[in-house]
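Based on the provided sequences and hints, a complete structural model is requested.
Read off the chains here:
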Amino acid sequence: MERLPILKIGQMLLVSIQVDLRDDMVIALQEDLADRIVETGARGVVIDITALDIVDSFTGRMLATIAALSRVLDAETVVVGMRPAVAITLVELGLSLDGIKTALDVERGMRLLSSARGTAR
Amino acid sequence: MTAQELPISGDADVVRVRQAVRAAAVQAKLSLVDQTKLVTAASELARNTLTYGGGGGALVEQVDNGLRKGVKAVFRDKGPGIADVAQALTDGFTSGSGMGLGLGGARRLVDEFAIETAPGDGTTVTVVKWAR
Ligand SMILES: Nc1ncnc2c1ncn2[C@@H]1O[C@H](COP(=O)(O)OP(=O)(O)OP(=O)(O)O)[C@@H](O)[C@H]1O
Ligand SMILES: [Mg+2]
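Those protein sequence lines, which keep their order, are chains A and B.
According to this note's numbering, the first sequence is numbered sequentially starting from 50.
According to this note's numbering, the second sequence is numbered sequentially starting from 341.
Any given hint might turn out to be false.
[Said to hold, decoys possible] Per label pair, the in silico range of CB-to-CB distance:
id	chain 1	residue 1	chain 2	residue 2	range
1	B	395	A	166	42 to 48 Å
2	B	434	A	60	36 to 42 Å
3	B	350	A	120	30 to 36 Å
4	B	352	A	60	31 to 37 Å
5	B	434	A	166	34 to 40 Å
[To be verified] Stretch-level coverage of chain A by chain B, calculated; a stretch enters the list once three of its residues show a Cβ under 8 Å from a Cβ in chain B:
id	segment
6	57–63
7	141–155
[Unchecked claim] Some residues of chain A that are not near chain B, with every Cβ distance over 10 Å (derived):
id	residue
8	54
9	70
10	84
11	118
Calculated directly from the structure, the hints in this document are not laboratory data.
The structure displayed is predicted, hence computed values, not measured ones.
Even for Gly, the Cβ is constructed at its ideal location relative to N, Cα and C.
Given below as structure tokens:
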């Protein structure tokens with residue numbers, strides 16, 4: 050099965066979703082990310098969904114699960130690059146991404162993570 | 341565009357249905373937001389067909405009512421059917437491990453929505469989204 054690549058950038062992990070997401074890839078990503086957080090001691094995870102043309106209930110649940118599990122492993126997750134049409138649709142679908150940090154792009158997402166860490170210390 | 345019949349028997353088929361609905365929505369000149377809403381609804385319904393209906397198929401076609409163009413998508417399975425449709429449509433109700441948002445959410449995202457189902461008789465969900 051095709052797996053989504055996870056890049057390590059400094060203390061952070063970056064997942065840039067560039068393909069049409071199949072449900073099995075989404076499930077694999079959760080597991081891979083948990084492994085990589087533990088393995089690398091990463092403090093932050095940035096998930097770039099710029100290329101995603103929809104987020105449905107399954108993908109939304111995956112984002113929430115990743116945010117929750119990374120928190121348990123002492124890392125913060127930021128979802129970046131959500132398209133406006135996707136955001137509008139998510140609200141109407143009834144999916145609230147409560148508890149998930151968001152930023153406009155990867156750069157801002159990374160800055161958000163490092164400043165959150167900075168004040169925590 | 342003629343109607344397109346697509347099987348739904350695995351995760352990759354759900355992706356293909358989304359792509360077919362997107363292509364039809366672009367052709368019918370739906371706005372980007374309306375395309376996104378329709379494709380999201382189709383994704384929810386195709387996944388339900390797979391997860392609860394045990395697989396089935398989707399029919400995707402362009403429609404024209406003389407005034408407007410639109411896209412119609414029909415999701416069919418021969419699964420267990422839905423005994424209590426009102427309950428199934430309620431946000432938060434799931435008989436599986438989902439969030440119970442798919443069916444009710446899909447209804448909100450489209451212009452026309454119909455369910456035909458009976459216990460033991462499978463489920464057919466029809467949705468239409470019109471270009472504005
Ligand atoms: N095609 C179907 N055949 C039989 N039962 C169905 C079908 N589609 C939906 N249902 C029933 O309706 C319930 C609600 O569906 P809905 O899509 O709203 O939520 P879900 O799939 O459980 O969770 P989510 O879509 O949020 O991941 C399902 O849990 C299931 O019991
Ligand atoms: Mg569902």
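Practice problem: Check each numbered hint from earlier against the structure, then list the numbers of those it violates in ascending order. | Solution: 6 and 9
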